[in-house]
Amino acid sequence: MIEKVLEAEGLVKRFQGVEAVRGVNLSVAAGEAVALIGPNGAGKTTCFNMIGGQLKPDAGCARLEGADVTGMTPRRLWRRGVGRTFQITAAFASMTVRENVQLALNAKAGRVGRVFGRMSAAFRAEADAVLDRVGMRFEADRPCAILAYGDLKRIELAIALAGSPKLLLMDEPTAGMAPGERVQLMALAASLAKRDGIAVLFTEHDMDVVFAHADRIIVLDRGSVLAEGPPDKIKADPIVRAVYLGAGLASGTVR
Amino acid sequence: MTALTPDTLLIQALNGLASASSLFLVAAGLSIIFGVTRVVNFAHGSLYMLGAYIGWSLTRHLASFGAFGFWGGVFGAALLVGIIGVLIEMLILRRLRRAPELYPLLATFGVVLIVQDVTLAVWGPEDLLGPRAPGLTGFVTIFASRFPVYELFLIAVGPLLLTALWLLFRRTRFGLLVRAATQDREMVAALGVDERRLFSSVFFLGAALAGLGGALQLPREAVNLNMDVSVVVEAFVVVVVGGLGSLFGAYIAAVLVGIIQAFGILFLPKVTLVLIFLVMGVVLAVRPYGLFGRVAASERQRSPAGDRVLRPLSVTARVLFGFTILVIASMPLFAGDYAIGLIAELLILAVFAASLHFLMGLGGMASFGHAAFFGIGAYGAALALKVLQWPMAACLLAAPFAAALAGLLAGWLCVRLSGVYLAMLSLAVAQIAWAASFQWVEVTGGDNGLLGVWPAASVASRGAFLLLTLVVTVATLAALRVAAFSPFGYAFRAARDAPRRAEASGIDVRATQWAGFVIAAGFAGIAGGLYAFAKGSVFPTYLAIDKSVDGLIMVLLGGIGSLTGPIVGAFAFGGLEAELMASVAFWRAILGFVILALVLVAPSGIMGLFGTWFRKARNPALPA
Amino acid sequence: MTILDRRSFVAGATSFAAIGSPAVLRADDAIKIGEVNSYTAQPAFLKPYRQGWELAQEKVNAAGGVKGRKIETVFRDDGGKPEDAVRYAGDLLDAEKVDVLAGGFLSNIGLALADVANQRKRLYLASEPLSDALVWGKGNRYTFRLRPSTYMQAAMLVEEAAKLPAKRWALVAPNYEYGQSANKWFKDLLKKAKPDVEFVAEQYPALGKIDAGATIQALEAGKPDAIFNVTFGGDLTNFVRQGTTRGLFEGRSVVSMLTGEPEYVDPLGAEAPVGWIVTGYPYGDLNTPEHVAFRDAYKSKYNEMPKLGSVVGYETVNSIADALSKAGSTDNEKLMSTLEGLKRMSVFGPIEFRAIDHQSTMGAFVGKIALKNGLGVMSDWSYRDGAKYLPPDSEVKILRPAG
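The listed protein sequences correspond, in order, to chains A, U and D.
Just so you know, numbering that gives the first Met the number 0 puts 198 at position 199 of the first sequence, and the rest follows in order with no gaps.
Just so you know, numbering that gives the first Met the number 0 puts 260 at position 261 of the second sequence, and the rest follows in order with no gaps.
Just so you know, numbering that gives the first Met the number 0 puts 143 at position 144 of the third sequence, and the rest follows in order with no gaps.
Hints listed in this document are in silico derivations from the structure and should not be mistaken for laboratory results.
No residue lacks a Cβ here, since even glycine has one placed at the ideal position from N, Cα and C.
Be careful, since some hints might not be right.
Here are the computed lysine-lysine pairs in the DSBU-like style, where the Cα-Cα straight-line distance is at most 35 Å [stated by the list, open to error]:
| hint | chain 1 | residue 1 | chain 2 | residue 2 |
| --- | --- | --- | --- | --- |
| 1 | D | Lys387 | U | Lys269 |
| 2 | D | Lys66 | U | Lys385 |
| 3 | D | Lys162 | D | Lys342 |
| 4 | D | Lys162 | U | Lys269 |
| 5 | D | Lys222 | U | Lys269 |
| 6 | D | Lys396 | D | Lys31 |
| 7 | D | Lys333 | D | Lys396 |
| 8 | D | Lys66 | U | Lys269 |
| 9 | D | Lys191 | U | Lys269 |
| 10 | D | Lys371 | D | Lys387 |
| 11 | D | Lys31 | D | Lys66 |
| 12 | D | Lys162 | D | Lys183 |
| 13 | D | Lys96 | D | Lys325 |
| 14 | D | Lys367 | D | Lys162 |
| 15 | D | Lys190 | U | Lys269 |
| 16 | D | Lys208 | U | Lys269 |
| 17 | U | Lys385 | D | Lys333 |
| 18 | U | Lys269 | D | Lys396 |
| 19 | D | Lys166 | U | Lys269 |
| 20 | U | Lys269 | D | Lys300 |
| 21 | U | Lys385 | D | Lys58 |
| 22 | D | Lys387 | D | Lys58 |
| 23 | U | Lys269 | D | Lys186 |
| 24 | D | Lys396 | D | Lys96 |
| 25 | D | Lys120 | U | Lys385 |
| 26 | U | Lys269 | D | Lys367 |
| 27 | D | Lys183 | U | Lys385 |
| 28 | A | Lys107 | A | Lys165 |
| 29 | D | Lys300 | D | Lys66 |
| 30 | D | Lys186 | D | Lys371 |
| 31 | U | Lys385 | D | Lys186 |
| 32 | D | Lys396 | U | Lys385 |
| 33 | A | Lys107 | A | Lys55 |
If you anchor each label on the Cβ, the simulated ranges turn out as follows [what the hints assert, rightly or not]:
| hint | chain 1 | residue 1 | chain 2 | residue 2 | range |
| --- | --- | --- | --- | --- | --- |
| 34 | U | Val440 | A | Glu125 | 51 to 61 Å |
| 35 | U | Ala62 | D | Asp284 | 53 to 63 Å |
| 36 | D | Lys120 | U | Ile259 | 49 to 59 Å |
| 37 | A | Phe14 | U | Asp183 | 20 to 30 Å |
| 38 | A | Arg194 | U | Val481 | 31 to 41 Å |
All chains, full assembly: derive it from the sequences and hints.
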């Protein structure tokens, strides 16, 4: 069996007594891209935020390469090799593209407490190398604030990659993008993951993206895992079709 | 010694409720205006004051109509003030819809200054005593104590108004829009609502409520020229303690403040100076979004600085700076002592403004209480000199340490919040520090201050002191620049731009912000220490709200998107104020008009305007 | 006046502009006085003050000036902030090259100006600030004061308070140095005069922000026989109106500082608190030749009755002018030694600038508030010569370390 990067067992989260997530198990292996899908309110984002450290689970645990990381803050998780992107894209708008990545590299090197020395002089080449990987090398000197949305997504991916993650969490990575761009972005993420052996867990509404790039799909419904398996199997699963795919959310839908 | 009988307690509670109603009237309008337009309306107190003055004039003219005349005058005043509010919105604030956050605040501050002088010119300097309310002049006896009927009436006004507003917001389309806009501004725009009409009508309502609040004070208080600023600060406290956007919260907060104030007077008479701020501090420490406030939903955080990329100084800018430094350094050769003294003072203000800019421009943490650290630095230096008998150089070093230490404490409290909540908590902290400097007479000399803080003999001359100030200023501003471009400076900005992203990239957002707060406090302390020696004395006014507001104005006026902005702002505002005060009687009005004009012409500050000119003249990637 | 009346708006604007403008009578070798005051922050007192000042200056110049030189004044507004007062004191000394400094209303500004005077070794005549520290605790050899201090006014009122049968006293004063030291002296001196008094309640509302209802209830809770009040301005107005409605003053004596000054009693109109024992200024009934001459001149120039501020402004100029002509020079050292012990006639009577502490012996009027034509005025008043209400010289020497 392949070594699992992420293993989550029995994750439970209650909000004011209502169980939003009720005992979810999932795992992601190195180089594997796993999609977490489900209708609105199924508990995807809650699940995601428990793994990413934004929420503390009420029960269950998460392990990163076998070590218990349940309830760790995003910052500690990041130090252990968890990178993530957000549904509402957030890059550092007051910096250039390169500076965004350089900052992440400086953080990685534990240099962000320094009040001397120009940040922009450190890790310049390394930053450009990361930007190359996401195809943004030529935009390096542009201010982030004026970037197109799709480019911003790539920057976020570059920031996440700058931390050399073992696990990449991507929450709705293609939300708000034009359909053509979506497949492109996810193709990029998946290929990078494959090449560097990064485990990728992502949530996604666009089924084209999901079926094209996920190695495995986990379907959530009302807080529980409804089905799990490779894309072909999920596509064919009658229960999934009934609760989810049949509900008109088949393709190209944006939340 | 004081006999606490049940009737004393009851009457005191009633007194608290009466004050609460008065406060609620002002706070309600403020809350509605802020909720819908996100404008921090500093001129709300001026509208309240105008309500009182206009009400005074109207009720006197209508006195022959008895009760009808009185109430006609009161409501007439509310109506007129409502119209004034609409004018302010249409003529000024409407033009600033696209301006960075807080620029409308700067504009409303200009309005405050203008209204102060207009009121003085129209109604004269003396306090005016309004008429009593016909039919409500008497008192009722509660146990053995008398209680004025008018106060009972006021107690009823609060809940009545709350109910009326509740009905307005629940039962009308206007109310629906107001509620929608309060919760999600973009949604209203998406609904295709005429935003301009909505904003104007909201301003009318808010201003009329302030005017009504002012006019209703006529039977209980003398109308005077200081009504404006004191009430606006208290009203803000009430709005924030209640939770932004919650009218019910505002009423409860007003009651809380009123009652605590009334009982504070009974038990600790001297604490009344800060009681309201202590209440706010405690509430915000426990409930960061006020009593009934909700965690700011998904509102996109607009950074007050805009999204300007910081760039190193261009060659032109370097030459300009070098030239300016040379001119200032050579001033002792050709300039008079007064000019030298003034420039030294402006340099110090530039350091103060730059420290605040570091906090709000880079860190995105607007502070309404930054003067606290300036003042603590000044007291630190003065006490080191007077009590510890340290040499001047050591005193100047003590100043930033004292301020940074205070910043360590204040920052720990403040960085847990953001936006207006953070600004108000910093104000509370500053007011508590101010009260300490005012009341701790043994150490600080109270309001009489510490005197004889004159520079050492070697820098006693104006020229020598200027050179010392120049050296410290240049070093300080350079250090702030270095810090801004350092990894920490970027992390600090990252924490502002996208806190979740920063946290997920290994930046400890809170620690970074805390450290930034301490740095900003320390640098304000450097300015304070120098200021103490420049003035030869230290007073509680150094920590007062006015100073904090001055700092805010300098930063905004200069332009928040650039590191040069606060320096330009300090020279522009400080220099203008000093020269106007020395030469014209109505300097406040003129200063107000100048601020308004600048804000309207350059809605992102003077440097923002320069930046635009530069960019138009040359290519897009020019230094800020 | 209403806001709808445009003519009065313009009239008001111009009249204030006139008193506020820094214009000076330029005359080549005029003697220059530098005056710093809180014109925009404390206009109610300082507008009449400025008028009195200008009247005196006109009078002195009309009579040929001082030894043939005109006197002129450069005014500066400090906006109520000591740090700005310090800046303008520097402006006046350095840029305007004034010969002497004067002015000040708030105590802390008076002290700041006194410290500048000390540092720059220039004469400063404080006109209004009442703080005892100005001539005692923080007194210096360059600083003189015209008005009777907090101590003196407290002593005058204690004399009357001790005659009352009241044993239980409640005190209310604004929360800053002036209020606190007024209360302190009142308590000390009254206790000395009448050892069996007790002080049952003390209230310190923030200046300009009195919560009158709650303050009154807190005083009432002490069940006092009598009340000592130090509040003034808007605080006083609110305190009186609420206190009257709530019956705080019924069956109780009230002794009150400054309340008889027209600046503070006029705004109360017919609601002036009849029967209060106050210090103040009976401008209408004081008919000494000196005062009548002053009042007539003031009335004919400004078409209104003088207020206490008018007298203070007027006498500040006259004191400086007298010192200048007696010294025969603007040399500050000479002026200072002339001022020490200078005796002159004021509109209130003879005064002397004491050599021992630089305090003038200008007194105050103590009387009772009465109503006349719908306005509060002083009745049964008498002038209290300041010289009689200062501590013995041996005590002053301890109080004033500067010597």
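We went through each hint and held it up to the structure:
Taking the CA atoms of D/Lys387 and U/Lys269, the gap is near 33 Å; set against the 35 Å cutoff, the hint holds. Restraint check for D/Lys66 and U/Lys385: not satisfied, since their Cα atoms lie roughly 44 Å apart, outside the 35 Å limit. About 32 Å separates the Cα atoms of D/Lys162 and D/Lys342, which keeps this hinted pair within 35 Å; it holds. Between the alpha carbons of D/Lys162 and U/Lys269 the distance comes to roughly 30 Å, so the proposed pair stays at or under 35 Å and holds.
Restraint check for D/Lys222 and U/Lys269: satisfied, since their Cα atoms lie roughly 20 Å apart, inside the 35 Å limit. Distance restraint check for D/Lys396 and D/Lys31: the Cα-Cα separation of roughly 33 Å lies within the 35 Å cut-off, and the hinted pair is therefore satisfied. As the CA atoms of D/Lys333 and D/Lys396 are separated by approximately 23 Å, the hinted pair is consistent with the 35 Å bound. For the suggested pair D/Lys66 and U/Lys269, the alpha carbons sit about 53 Å apart, so the restraint of at most 35 Å is broken.
Under the criterion of a C-alpha separation no larger than 35 Å, the hint pairing D/Lys191 with U/Lys269 is consistent with the structure, at around 26 Å. Between D/Lys371 and D/Lys387 the CA atoms are separated by roughly 31 Å; this keeps the pair inside 35 Å, and the hint holds. At roughly 14 Å between alpha-carbon atoms, D/Lys31 and D/Lys66 fall within 35 Å of each other, so this suggested pair holds. At roughly 19 Å between alpha-carbon atoms, D/Lys162 and D/Lys183 fall within 35 Å of each other, so this suggested pair holds.
For the hint linking D/Lys96 to D/Lys325, the alpha-carbon distance of about 22 Å falls within 35 Å, and the restraint holds. For the given pair, D/Lys367 sits about 14 Å from D/Lys162 by alpha-carbon distance, which is consistent with the 35 Å threshold. A C-alpha spacing of about 23 Å is found between D/Lys190 and U/Lys269, which places the hinted pair at or below 35 Å, so the restraint holds. For the proposed pair D/Lys208 and U/Lys269, the alpha carbon gap of about 13 Å is at most 35 Å, so the pair holds.
With a C-alpha separation of about 31 Å, the suggested pair U/Lys385 and D/Lys333 falls inside the 35 Å cut-off, and the hint holds. Restraint check for U/Lys269 and D/Lys396: satisfied, since their Cα atoms lie roughly 32 Å apart, inside the 35 Å limit. The hinted pair formed by D/Lys166 and U/Lys269 meets the criterion: a straight-line CA distance of about 24 Å does not exceed 35 Å. A threshold of 35 Å between alpha carbons decides the hint, and for U/Lys269 with D/Lys300 the separation of about 44 Å lies outside it, so the pair is violated.
Using a Cα cut-off of 35 Å, the hinted pair U/Lys385 and D/Lys58 is violated, with the two alpha carbons roughly 45 Å apart. Restraint check for D/Lys387 and D/Lys58: the C-alpha separation of about 31 Å stays at or below 35 Å, so the hint holds. Annotation: proposed proximity of U/Lys269 to D/Lys186 holds, straight-line Cα distance about 18 Å (limit 35 Å). A threshold of 35 Å between alpha carbons decides the hint, and for D/Lys396 with D/Lys96 the separation of about 34 Å falls inside it, so the pair holds.
At most 35 Å may separate the alpha-carbon atoms for a hinted pair to count; D/Lys120 and U/Lys385 meet this at roughly 21 Å. Only pairs whose Cα atoms come within 35 Å are accepted, and U/Lys269 paired with D/Lys367 is accepted, the gap being roughly 30 Å. With a C-alpha separation of about 26 Å, the suggested pair D/Lys183 and U/Lys385 falls inside the 35 Å cut-off, and the hint holds. At roughly 14 Å between alpha-carbon atoms, A/Lys107 and A/Lys165 fall within 35 Å of each other, so this suggested pair holds.
At most 35 Å may separate the alpha-carbon atoms for a hinted pair to count; D/Lys300 and D/Lys66 meet this at roughly 25 Å. Distance restraint check for D/Lys186 and D/Lys371: the Cα-Cα separation of roughly 32 Å lies within the 35 Å cut-off, and the hinted pair is therefore satisfied. Simply put, U/Lys385 and D/Lys186 have alpha-carbon atoms about 31 Å apart, close enough for the 35 Å limit, and the pair holds. Distance check on the hinted pair: D/Lys396 and U/Lys385 sit about 23 Å apart at the alpha-carbon level, within 35 Å; holds.
Between the alpha carbons of A/Lys107 and A/Lys55 the distance comes to roughly 24 Å, so the proposed pair stays at or under 35 Å and holds. Under the hint 51 to 61 Å, the C-beta atoms of U/Val440 and A/Glu125, about 59 Å apart, fit the expected range. For U/Ala62 paired with D/Asp284, a C-beta distance near 30 Å fails the hint of 53 to 63 Å. About 50 Å separates the C-beta atoms of D/Lys120 and U/Ile259, a value consistent with the hinted range of 49 to 59 Å.
A C-beta distance of roughly 21 Å is found between A/Phe14 and U/Asp183, which places it inside the suggested range of 20 to 30 Å. A/Arg194 and U/Val481 have their C-beta atoms about 39 Å apart, which keeps the hinted 31 to 41 Å range intact.
Hint compliance for this structure: hints 2, 8, 20, 21 and 35 are not met, and every other hint is.
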